[in-house]
Amino acid sequence: MTSLRIFAVGGLISFRALFHWLAPSIYIPSLVVAPLFQILLFAYIGRSAGLASDEFYVVGNAIQYAAIPCLFAMTNIVGGEKFQQTLGAILVSPAPRLPLFFGRAVPVVVNGAFVAAFALLAGTIVLGVDIPASAIPSLAVVILVAAFSCTGLGLITAALALRVRETAVLTNILFGFLLIFTGANIPLDDLPGWMQNVSDVLPFTHAIAAARELADGASLTSVLDLIGEELLIGLVYAVLGYSLLRFFEIQGRRHATLDRS
Amino acid sequence: MRTLRLLAVGWYYQFKAIARSPFEGLFQVIYPLFFATVAFLMFRAGTDQKTLLYASLGAAVMGMWSATSTTAAGAMQRERWHGTLEALVASPPHFALILLPITLAMSTVGVYCLVATLLFGRFLFGIDLTFEHPLLFALSIVGTVLSFGALGFLFAVTFVRFRAAWALGNLFEYPVWLIGGFLVPLVLLPEWVRPISWALAPTWGMNAIRESSLGGTPLPDLVVCLALGAVYLTIGILVLERVLAAARRRAALSLT
Amino acid sequence: MAVVEAIDLKRTYRTSTGTLRRKWKDVEAVRGVSFEIEKGELFGLLGPNGAGKTTTIKMLITLLIPTDGTARVLGYDVVKDAREVRKRIGYVFGGERGVYERLSGWDNLRYFAELYGVPPHEQKKRIESLLELVGLKGREQERTEGYSRGMKQRLHVARGLLHDPPVIFLDEPTIGLDPVGARELRATIASLVDAGKTVLLTTHYMFEADALCDRIAVINKGEIVAHGTPSDLKHGVAEGAVVEVEVFGLPDGTVERVRELGGVRSVSVEEREQAQVLIVQTGADVELTHSILGRLNGANVGRISRREPTLEDAYVALVSEE
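Residue numbers (the working numbering), protein chains in the order written: chain U, 1 to 261; chain R, 1 to 256; chain P, 1 to 322.
Quick caveat, the hints were computed from the structure, so don't treat them as lab data.
For glycine and all other residues, C-beta sits at the position ideal for the given N, C-alpha and C.
Just to be clear, a hint being listed does not mean it is correct.
Stated by the list, open to error - Keeping only pairs whose Cα atoms sit at most 20 Å apart, straight-line, the calculated SDA-like set for lysine to any residue is:
no.: 1; chain 1: P; residue 1: K87; chain 2: R; residue 2: F95
no.: 2; chain 1: P; residue 1: K80; chain 2: R; residue 2: P93
no.: 3; chain 1: P; residue 1: K125; chain 2: P; residue 2: P165
no.: 4; chain 1: P; residue 1: K137; chain 2: P; residue 2: S191
no.: 5; chain 1: R; residue 1: K16; chain 2: P; residue 2: Q141
no.: 6; chain 1: R; residue 1: K16; chain 2: P; residue 2: R143
no.: 7; chain 1: P; residue 1: K234; chain 2: P; residue 2: E208
no.: 8; chain 1: P; residue 1: K125; chain 2: R; residue 2: H94
no.: 9; chain 1: P; residue 1: K39; chain 2: P; residue 2: L161
no.: 10; chain 1: P; residue 1: K124; chain 2: R; residue 2: E86
no.: 11; chain 1: P; residue 1: K124; chain 2: R; residue 2: E132
no.: 12; chain 1: P; residue 1: K87; chain 2: R; residue 2: R2
no.: 13; chain 1: R; residue 1: K16; chain 2: P; residue 2: E140
no.: 14; chain 1: P; residue 1: K10; chain 2: R; residue 2: R249
no.: 15; chain 1: P; residue 1: K87; chain 2: R; residue 2: T3
no.: 16; chain 1: P; residue 1: K80; chain 2: R; residue 2: E241
no.: 17; chain 1: P; residue 1: K87; chain 2: R; residue 2: K16
no.: 18; chain 1: P; residue 1: K87; chain 2: R; residue 2: L244
no.: 19; chain 1: R; residue 1: K16; chain 2: P; residue 2: E145
no.: 20; chain 1: P; residue 1: K39; chain 2: P; residue 2: E145
no.: 21; chain 1: R; residue 1: K50; chain 2: U; residue 2: G193
no.: 22; chain 1: P; residue 1: K25; chain 2: R; residue 2: P92
no.: 23; chain 1: P; residue 1: K87; chain 2: R; residue 2: L186
no.: 24; chain 1: P; residue 1: K137; chain 2: P; residue 2: R186
no.: 25; chain 1: P; residue 1: K80; chain 2: R; residue 2: T84
no.: 26; chain 1: P; residue 1: K80; chain 2: R; residue 2: A246
no.: 27; chain 1: P; residue 1: K221; chain 2: P; residue 2: T67
no.: 28; chain 1: R; residue 1: K50; chain 2: R; residue 2: L186
no.: 29; chain 1: P; residue 1: K87; chain 2: R; residue 2: R5
no.: 30; chain 1: P; residue 1: K80; chain 2: R; residue 2: V243
no.: 31; chain 1: P; residue 1: K80; chain 2: R; residue 2: P92
no.: 32; chain 1: P; residue 1: K87; chain 2: R; residue 2: T84
no.: 33; chain 1: P; residue 1: K80; chain 2: R; residue 2: R2
no.: 34; chain 1: R; residue 1: K16; chain 2: P; residue 2: W106
To be verified - Computed list of chain R residues with no C-beta within reach of chain P, every gap over 10 Å:
no.: 35; residue: V9
no.: 36; residue: Y13
no.: 37; residue: K16
no.: 38; residue: S21
no.: 39; residue: I30
no.: 40; residue: L41
In isolation and in its complexed conformation, chain U is listed as follows:
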């Protein structure tokens, strides 16, 4: 029961902390306006280069952009707390770690999904892209899974935030990799073999593929395998991230590095 409470309360606190950090003056430019412009940018570049349809870029970039809220928020939950020196207090608490860290992840996932969903909606309206209404619920599922998967990666960056100071650089670079490798803007078939191998293990790749098929009218059942793969990737990252967090935590206690910022 306590675990559940820690999960829920931790999540709530994380949520409030998240939105304190993400004041409207940051939220709106970064998470509402920017993704829409990214979509427009690549849609028009696509037109300029004589490539695929607008829908390709809308779906791809809407989902890829969720990397910003998912990675940044998750990293800041640790980086921010470290900054506020409360991490030490939390880590000496007897609270079981699993609900502690995962409780904090839930608002991040939900927020990330909202950002992607809004971007998708806005992009389709502005560019006049047709997506069947029947696809919307399935798309919601895919977006949620995508956000989960990237937040899993965020747990790893959050763990690294315990040791590295310039986490913003790290997350921005990850964002850049996700821009290139996930098929958000370049069809996977057009990438050389070694790059495709990398794509396969990154978040978003399978979700974007699934979302594109759904937008073209495919049924949810036909993309279940893609969704499953995305979920699996997310889980692997989450487990890795969690292990890394525990490892650094123990290391930090041993070498007194927890408060180093």
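Got chain U sorted already, so can you dock chains R and P onto it with the hints?
Showing chains R and P alone in chain U's frame:
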């Protein structure tokens, strides 16, 4: 004369301080390369060398703009964070003469971005660089840096009241890339967007650089680019007067 | 004509609390401060933290606009002729920040030398002699991010003197310095005055003000509560006595009860390790030790002493008044 000296010396030391910071220096160069890679991969479908060079130049100027837009808006905030803002305001020169070198130093980092992107395109994607008007190419780069610095100055004074000034600066990264016609010919954009494009110095700087490489008439573009820069600077100075007066009244100079 | 004139300076801040429902509050940091500093004087502005010293000095160096009142430096109004004032003053604010960390000490000074209009052909010479003066010679090529706090402080001093200003403002310059460094800095400040400069120094160290200053103004809660030379201030408390009682666990209300005693001038409490020391300043001919003990409600008592007042006591009395 003394004014020019002040600007030059200020620019020199501020550039030194910025370029030495890994976050503000090195990272500024690496980050736009991701977008350049996407652009190259997208344009590679058509193997026309001219198209690829078009993409390379566009991506290079995207990097230049990125260096300014992500940093300039937060220039005053950055000084405040260093604890140097008070010292700067309390010194005799008009604050514009102190702030402009800072934003110019930030936009000078853009030259690193430009060079890095062009080299990146050359060595990883085999894009050959041509310079139809080499002298004008160099001058266009200088002109673009100057006008970006002026635009950055305008951002810095306009967004100084906002705690998250950097977020607002970032807000202008994508739109200028798109509307400046760096990788998208303006003719593809809706008609109502074009006047906005024409009012942006980046659009003209891009044209000047592109035409001095691929061929065309870069000089008029360069002149318009610089003229717009002068306009931004003037507006910026007017805004600055009001901002500083308000800050001294509100005691907002040392708040972090 | 006085070099620095402060005439009824006032400064009120508006602060807000809360994010959703903002509540605005007016804080009067400076409530009518007036003083004059003559040429060649070393003037001390003495007061506890939060008394308004920094706010006052910021108004004088043109960083803050007074909410009311006027100030003039060398005849120039700090609001209307800010630029003229800035050319003629140097100021030294201490602290870890305020330098460009990725630049060397030399680069920092070169930059500010240019800002302050030091003629180019003189900059090198001037910077070198200042580095010598503040004791940073040999370290000037290192990045300031590697400087200790004391070194940064000395760099601040060098920066304040770059353009050889006739008037210098120092805000708590020795804070955070080790005793040797602080002593050297005080010697430097004294030598500046010997060279004919006018100096305003803020501090909360009584002994520093006593040792250095020609005249002192004591400021507390935004107002000047005493004004004069160090000897003037000492005379204020020369007749009298100070009773110190060490108490383990001072009961509530003791200060008020003791204050009610006849002949008591002021009561203050000092925290020392595990005890509190009750410091009572009384008139000269009164013997109050017994009565004071009686007001302690049976609390455990350690050492009791009765002594002559010092300038420090004068200061404490001035700033602990309710």
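- prompt: Can the restraint linking K87 of chain P and R5 of chain R be considered satisfied, given a maximum Cα separation of 20 Å?
  reply: Measuring from Cα to Cα gives roughly 18 Å; hence the hint holds.
K137 of chain P paired with R186 of chain P [C-alpha distance capped at 20 Å]: holds, 19 Å
- prompt: Does the alpha-carbon distance linking K80 of chain P and P93 of chain R stay inside the 20 Å limit?
  reply: Holds, at about 15 Å.
message: Against the 20 Å threshold, does the CA-CA distance of K87 of chain P and F95 of chain R hold or violate the hint?
response: holds, 14 Å
Beyond 10 Å from each Cβ of chain P, as asserted for Y13 of chain R: Non-interface label on Y13 of chain R violated, nearest chain P Cβ at 4 Å vs cutoff 10 Å.
field: Pair hint outcome, K80 of chain P versus P92 of chain R [Cα-Cα no greater than 20 Å]
entry: With Cα atoms ~14 Å apart, K80 of chain P and P92 of chain R stay inside 20 Å; holds.
- prompt: Does the claim that S21 of chain R lies outside the interface with chain P hold up, using a Cβ gap greater than 10 Å?
  reply: Given a closest Cβ separation of 6 Å, the condition is violated.
Hint consistency between K16 of chain R and E145 of chain P [alpha-carbon to alpha-carbon, up to 20 Å]: This hinted pair holds, its Cα atoms lying about 14 Å apart.
query: Given the hint that K80 of chain P pairs with V243 of chain R, does the C-alpha gap stay at or below 20 Å?
result: The hint holds at about 17 Å.
query: Given the hint that K125 of chain P pairs with H94 of chain R, does the C-alpha gap stay at or below 20 Å?
result: Violated: K125 of chain P and H94 of chain R sit about 26 Å apart, past 20 Å.
query: Is the Cα-Cα distance between K87 of chain P and R2 of chain R 20 Å or less?
result: Holds: K87 of chain P and R2 of chain R sit about 15 Å apart, inside 20 Å.
query: Going straight from one Cα to the other, do K137 of chain P and S191 of chain P come out at no more than 20 Å?
result: holds, 19 Å
Of the numbered hints listed earlier, those contradicted by the structure are 8, 10, 11, 17, 20, 21, 22, 23, 25, 33, 35, 36, 37 and 38.
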